[in-house]
Amino acid sequence: MPIPPGSFRDSLDGLDPEERAAFVAAVYEARGWTVERVSRDAGGDVVVTPPNGDEPRHVPASVDAETLHEQVTYAVDDEARTRLCRRFFDRPPEAFAAADETGTDSVDDADDGARRVAADDTTQASPTRRTEGEPSATGRGPSDTDPRAAVPDGATDGDPTRTADSDGPRPSAPVRLVVGLVAVAVVGAAVVAGAGVTSPEVAGVSPGGESNATTTPGAGVEGGAAVAGSDEPPPGIDGDGVADASALANAHAEALAERPYRLRIVHREYADGELRGVAVERVAVAATDHYHSRVRTLGTLEYQTLHVADVSAYANGTVRYVHPVGGQDAPKRAAFRLLMVSDTSTPNRYVDRTRRYVRWLLDVEESRVVGAGERNGTAFVAVTVDGEPWRGASEMTGRAVVDEDGLVRVIRREYTPRDDPAVRVETTIRIVPGPVSVTRPAWVESANETATPAGAEALRPGRGREGRVA
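Residue numbers (the working numbering): 12 to 481.
Treat the hints with care, as some may be off.
Stated by the list, open to error - Derived Cβ-Cβ restraints for the label pairs, each shown as a range:
1) Ala254 <-> Ala453: 40 to 50 Å
2) Gly25 <-> Glu376: 47 to 57 Å
3) Glu105 <-> Asp430: 38 to 48 Å
4) Thr93 <-> Gly388: 35 to 45 Å
5) Leu26 <-> Glu105: 25 to 35 Å
6) Glu105 <-> Glu29: 23 to 33 Å
7) Arg451 <-> Ala282: 30 to 40 Å
8) Asp283 <-> Gly250: 54 to 64 Å
9) Gly445 <-> Asp21: 18 to 28 Å
Read the hints as simulated data drawn from the structure, not as lab findings.
None of the values given here were measured: they were computed from a predicted structure.
From the three backbone atoms N, C-alpha and C, an ideal C-beta is built for every residue, glycine too.
Starting from the given sequences, assemble the full structure and let the hints guide the process.
Dropping the structure here:
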């Protein structure tokens, strides 16, 4: 089972420098890398060579907990994960605390709900493709101290290129990330997150967290489309499901535009039933022109740029910096990527991106409201969707969680590329409104912000805060 990030950090901090170096080496060895040398000195490093690679790489023994948690959670199988935890922490993975201490990265419960769902009309969390003729699982067919940034981000802001995984081109052979989706239903604290998402388990997406919540399958009026405690469904939703994806997308953008939030986009690819790669984009947005995004990848990916950007980014109200994610090949769907994750000229970059996702992914042939609920005073509905909004995909299914204002908190879609039937692609998008802290990452060089440094993009001058390109 996934290890909560807070508990993992605490356990890692309990290791002395020599033990930590040995742990780093053991993690890479479990991933199939060859360990050449392990330094026993404080501040030393571990020398490893990737599978099918010739050039050794130096990994700091002090590599951040975020990166190690990511690898232990997603890049090793259950047996190796258990062995690592017992050897270095004297306990199995399931003995770790049930919740992350920060409360910002614990999406575990949300995906656990997807695995516990028993209703026949929900999508299974398994990536297994349906055989031909089998019915769909969804049933019917400004400065770094902005006062608005109040809560710690809880993640390391060091240079993402300082790990062995992103130092230069990746090995061409797929990294065999043989981890069943039940074991990786969550793309980990370091790489994912978004707790507090509101959703009924009957929809296959649980909000997680410790707050009291009520859920009612098919609750409310008008055929079950109304949110709990309300006579009106969210914009674009009616008694049958998603009635108008454009109206829902516009309501989503309006509900999100003037508030801070966290965005998590998790992309997984399976080949012949085995997980071959994971990409995660995490974004903390304090304001439209003040944000920090981080992109991480593991394994081999071919379709991630439909949803996940190929750069990490930071904007401080004046300048937007970008940091490429190394070792990525040109995407197969470059033209489509331009629509979904390009650096557009819209005033609100991430709100616009998620608005596009809502309109694209939920504009389907069939949808159905399968539950309603309430958490912390916010009501929601859950919807299952089925159909192919994109002609390059087949066997596309999914689900979404929409709150009373039309803010789409969760979208989960699975599909098979038409030109690659052995592959199954799964994408989960989560949005968690609430105060965030945006910290200047280490890879951003100090610069005179009255000019545009090399590798940075000046936010469009002559506009107010809400009108600058972000």
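Subject >> alanine 453 and alanine 254 - C-beta distance against the hinted 40 to 50 Å >> reply: About 47 Å separates the Cβ atoms of alanine 254 and alanine 453, which means 40 to 50 Å holds.
Original post:
Between glutamate 105 and glutamate 29, is the Cβ distance one that fits in 23 to 33 Å?
Top reply: The hint (23 to 33 Å, Cβ to Cβ) holds, given that glutamate 105 and glutamate 29 are roughly 27 Å apart.
Original post:
In this structure, is the beta-carbon distance linking leucine 26 and glutamate 105 contained in 25 to 35 Å?
Top reply: violated (20 Å)
Original post:
In this structure, is the beta-carbon distance linking aspartate 283 and glycine 250 contained in 54 to 64 Å?
Top reply: Given range 54 to 64 Å: violated, Cβ gap about 40 Å.
Subject >> Hint check for glutamate 376 and glycine 25 - Cβ pair distance inside 47 to 57 Å >> reply: Check passed, 53 Å falls within 47 to 57 Å.
Subject >> Satisfaction of the hinted span 18 to 28 Å by the C-beta atoms belonging to glycine 445 and aspartate 21 >> reply: Since the Cβ atoms of glycine 445 and aspartate 21 sit about 24 Å apart, the hinted range of 18 to 28 Å holds.
Original post:
At the C-beta level, are threonine 93 and glycine 388 separated by a distance inside 35 to 45 Å?
Top reply: The hinted range 35 to 45 Å holds for threonine 93 and glycine 388, with Cβ atoms some 40 Å apart.
Original post:
That 30 to 40 Å hint for arginine 451 and alanine 282 (C-beta), does it hold up?
Top reply: Holds, at about 38 Å.
**OP:** Starting from the hint 38 to 48 Å, judge whether the C-beta atoms of glutamate 105 and aspartate 430 obey it.
**Re:** Check passed, 40 Å falls within 38 to 48 Å.
Of the numbered hints given earlier, the model fails hints 5 and 8; all others are met.
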